[in-house]
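*Asks:* Residue numbers (the working numbering), protein chains in the order written: chain A, 1 to 267; chain B, 1 to 313; chain C, 1 to 233.
Please note that the accuracy of each hint is not assured.
[Claimed, not checked] With a cut-off of at most 20 Å between alpha-carbon atoms, the simulated DMTMM-like pairs for lysine to aspartate or glutamate come out as follows:
#  : chain 1 : residue 1 : chain 2 : residue 2
1  : C       : K30       : C       : D65
2  : A       : K172      : C       : E163
3  : A       : K172      : C       : E86
4  : A       : K167      : C       : E223
5  : C       : K29       : C       : E227
6  : B       : K185      : B       : E197
7  : A       : K172      : A       : D28
8  : B       : K128      : B       : E117
9  : C       : K229      : B       : E259
10 : C       : K229      : C       : E39
11 : C       : K29       : C       : D65
12 : C       : K29       : C       : E46
13 : C       : K87       : C       : E193
14 : C       : K29       : C       : E223
15 : A       : K167      : C       : E86
16 : B       : K185      : B       : E203
17 : C       : K30       : C       : E46
18 : B       : K185      : C       : E194
19 : C       : K29       : C       : E7
20 : B       : K185      : C       : E193
21 : A       : K167      : C       : E96
22 : C       : K81       : C       : E7
23 : B       : K292      : B       : E313
24 : B       : K110      : B       : E147
Simulated from the structure, these hints should not be mistaken for lab results.
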Amino acid sequence: MTKLRQNKAMLAGIIIILFFVLVALLADLISPYDPSTLGVAYQKPSREHLLGTNDLGQDIFSEMIYGVRVSLFLGIFSALIVTFVGSVLALIAGYYGGAADRIVCAVTDIAMAVPSLPLTLLLIAYLKSGVFSLVLAISITAWTGTARILRSRVRQICRLPYIQIEKTLGVKTPVILFRHVLPNLKDILLTRMALSVSGAMMTESGLSFLGLGTYGQKSWGNILHFAFFRNSILRGQVWWYLPPIICICIAVMGFMLVGYYGQQKKD
Amino acid sequence: MDDMRETLLRVEDLSVSFEGKNFVQAVEHVSLEVHSGDRLCIIGETGSGKSILLLAILRLLSPTAKVTGGVSYRGRDLFAMTEKQLDAIRGGRISYVPQGSGNGMNPLLKVGFQVAEPMIAHRGMKRKAAEERAVELLKRFHLGREETIARQYPFTYSGGMRQRALIAMGISAGAELLFADEPTKGLDETRVRLTAEAFNALEGQTLVCVTHDLSFARSVSSRVCVMYAANQVEEAETEELFRNPLHPYTRDMLAAMPENGLRFRPGYAPAHNDTGTAGCKYRLRCGRCSEKCRETPPLFRIGGHQVRCWQYE
Amino acid sequence: MNEAILEACGLTKRFRSKEEGKRSFTAVKKASLSLFPGETLGLLGESGSGKSTLGQMLVGLIRPDEGTILFRGQPLAYPFKGAPREKIQILFQHPEVSFNPQLTLRQSLSEPFRIRGLPLSDGVLAECISRFGLYPEHLERRPGALSGGELQRAALARILVMEPEVILLDEPTSMLDVITQAQIVDFLRRYQEERGTSYLFITHSTSLARQVCHRIVRIRAGELQEEEKELVP
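Start from the sequences, fold in the hints, and give me the full structure.
*Replies:* Here it is as structure tokens:
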């Protein structure tokens, strides 16, 4: 804990993340309205509706609160998949080397060269719309960075005497990988994971803004989508389009702070 | 001892400890005197505090270390200086070759330029002249193909070459006092010999070198200071120390050298945080200790030796 | 003389070199040697001479490009399995990276017991390290809190649990002070007398090799030289 205190940037990131997680968990208690209840449309902020209402008369403040759930869930779930795929490939490539390494590197290079936005859009268009296809679309190219970075770290670790000794002792490969290699990657895994969450949240809000996000479930990007396409900017409804932008920025920043500064805490 | 030469460095009663969860006494009451032209080797095993001593003298320790005692360079108190004054001395007059040949160099700059840099920074030389001088310096250390390799980057060098290039870098600005920390760690026999030759090529250079390699210490130094468990246990002229070691630890250490048949006394050095071993730290391993050894002996002067053992009272 | 326990026949290893064009670099060229039970064979060479590469091939960490390794007369397939895997062990030069930094000494030391299915208890572990001057309190520490000498003794204790017949000692004392070096060498010597273990002792130090080895082979630029008889009394 003393280390955390020394690292103010990371602490700030953790506080931001905890705040949003708490809001997501307690959404039912905090939000004043059910965001799907219809009411009087286009109300200005008032004591009843802190951020006014949207085109269908739904309370924007409540929408924002429930939006945390969808945005965080999508972000974290995609990041888990990205980190999992990335680290499995990195372990295989880094530990076995040789042909396995060359194959993984080639696949990573190809995946990196594919323009990710068109591919993501294409996937969304083809897949049945829903949370899981969104997660798939977000993760489809995002794992490359994680795989790359982890692979070189795994290679380094595998050259160290203690892994070599495990091998000569006859310890089984899965045990070496999961007990001896993986735990020594935990710092870098944490930071990559945090950066993946922020990346995924950005992609999700972008997709939702374009109207390709989750229908029915309201994420921040989704709110922004409706705000934009119902001309809130022209109408000067700041309370409608600004909150989702701010929240996305802060949440993404929270994960980035943890991601970038998490690595520095070692020194 | 009456010595007409100038005293360059005087270390008085220097102690270093690290406080916190684990208290560690790293250096305990060390006093040293380095005259102009001296080549002092500080020897001892890993954890004996020799590297910490060097860093403490140069004020390169982290602020968590508690340092007491005094260090003066040509009569000027190093501990009282501001960072700025200190920087003018470190690098210019005193230079330091760190441990581990890997990290001492910037991987993105050509070696020739790195060796030349101190001359540009501290002596105001023109870049071209300084780089020519750098090649000469590399030649003195027999790196081979000096003109070519001066234009190469550190990664193309072997560990031994990098080590010698680092020494060249250390002396390039004409520092009168050169500190080196474990310059032979991880090098093989031939490369240790080349490094020793590099040091010996610096005639008249004042040198303070920390090492755990006894043969290397013997080949480069004029005086040796032996450290054991944070204490300075013996100091003498090199040949005298190797021929006639007085402190039991020095004797045991010399007997354990492969050349002398790898004989040894059982037991291990006490842990850093072991405050239970009062008195002489070598007491528990020493073959000839008495009741008196429960008290820390002072440094006795005997026949050109300084030795911390009650036998010589 | 009885049969060799470990034999190398024409071992060759090439590495692709990235710096100097596309030419590959031959680290070890057609190396053949035999290690007999109960002897210490010194492999003397400078850094970059290929001595560690040869050693790592012999313990099955690197797959040779050419040549075969025989253990008790049987050719070994890579990766090693069964008895050869248990009975050929290695001790490295750098004790500080010979243990997983995340695990305590207890966790690391338990591993070979588990692999061999031996009973494991506090007493067994304490006995395992007590011969090396380590105490039960050391068991709870992580490698970062132990000195190089302590770690190297623990590393030795750990591989001895496997009751190896061949131990490859890759400069096991070059990072240690002379007294710890003498202690480790002495322990290895006594262990050899007791068990008849064979050592392949890799070193760059002629004076050490002369003290420790029964036979000495020099390796230069990946090629084994004639056995040096005059070095050994």
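*Asks:* State for each hint whether it applies.
*Replies:* Each hint, compared with the structure:
For the proposed pair K30 of chain C and D65 of chain C, the alpha carbon gap of about 10 Å is at most 20 Å, so the pair holds. For the hint linking K172 of chain A to E163 of chain C, the alpha-carbon distance of about 19 Å falls within 20 Å, and the restraint holds. A threshold of 20 Å between alpha carbons decides the hint, and for K172 of chain A with E86 of chain C the separation of about 13 Å falls inside it, so the pair holds. This hinted pair does not check out: K167 of chain A and E223 of chain C have alpha carbons roughly 27 Å apart, beyond 20 Å.
At roughly 16 Å between alpha-carbon atoms, K29 of chain C and E227 of chain C fall within 20 Å of each other, so this suggested pair holds. Distance restraint check for K185 of chain B and E197 of chain B: the Cα-Cα separation of roughly 16 Å lies within the 20 Å cut-off, and the hinted pair is therefore satisfied. Taking the CA atoms of K172 of chain A and D28 of chain A, the gap is about 48 Å. The hint is violated against a cut of 20 Å. With a C-alpha separation of about 11 Å, the suggested pairing of K128 of chain B with E117 of chain B holds against the 20 Å cut-off.
Annotation: proposed proximity of K229 of chain C to E259 of chain B holds, straight-line Cα distance about 18 Å (limit 20 Å). A hinted pair counts as satisfied when its Cα atoms are at most 20 Å apart, and K229 of chain C with E39 of chain C qualifies at roughly 15 Å. Distance check on the hinted pair: K29 of chain C and D65 of chain C sit about 10 Å apart at the alpha-carbon level, within 20 Å; holds. Taken as a hint, the K29 of chain C and E46 of chain C pair is honoured in the structure, with Cα atoms around 16 Å apart against an allowance of 20 Å.
Taking the CA atoms of K87 of chain C and E193 of chain C, the gap is near 17 Å; set against the 20 Å cutoff, the hint holds. For the hint pairing K29 of chain C with E223 of chain C, the CA-to-CA distance comes to about 5 Å; that is within 20 Å, so the pair holds. Between K167 of chain A and E86 of chain C, the direct Cα distance comes to roughly 10 Å. Compliance with the 20 Å bound is thereby established for this hinted pair. This hinted pair does not check out: K185 of chain B and E203 of chain B have alpha carbons roughly 23 Å apart, beyond 20 Å.
Distance hint between K30 of chain C and E46 of chain C is fulfilled; the C-alpha atoms sit about 18 Å from each other, no more than 20 Å. At most 20 Å may separate the alpha-carbon atoms for a hinted pair to count; K185 of chain B and E194 of chain C exceed this at roughly 33 Å. A C-alpha spacing of about 15 Å is found between K29 of chain C and E7 of chain C, which places the hinted pair at or below 20 Å, so the restraint holds. Using a Cα cut-off of 20 Å, the hinted pair K185 of chain B and E193 of chain C is violated, with the two alpha carbons roughly 32 Å apart.
Proposed proximity of K167 of chain A and E96 of chain C is supported: the alpha carbons are some 18 Å apart, at most 20 Å. The hinted pair formed by K81 of chain C and E7 of chain C meets the criterion: a straight-line CA distance of about 17 Å does not exceed 20 Å. For the suggested pair K292 of chain B and E313 of chain B, the alpha carbons sit about 11 Å apart, so the restraint of at most 20 Å is met. About 12 Å separates the Cα atoms of K110 of chain B and E147 of chain B, which keeps this hinted pair within 20 Å; it holds.
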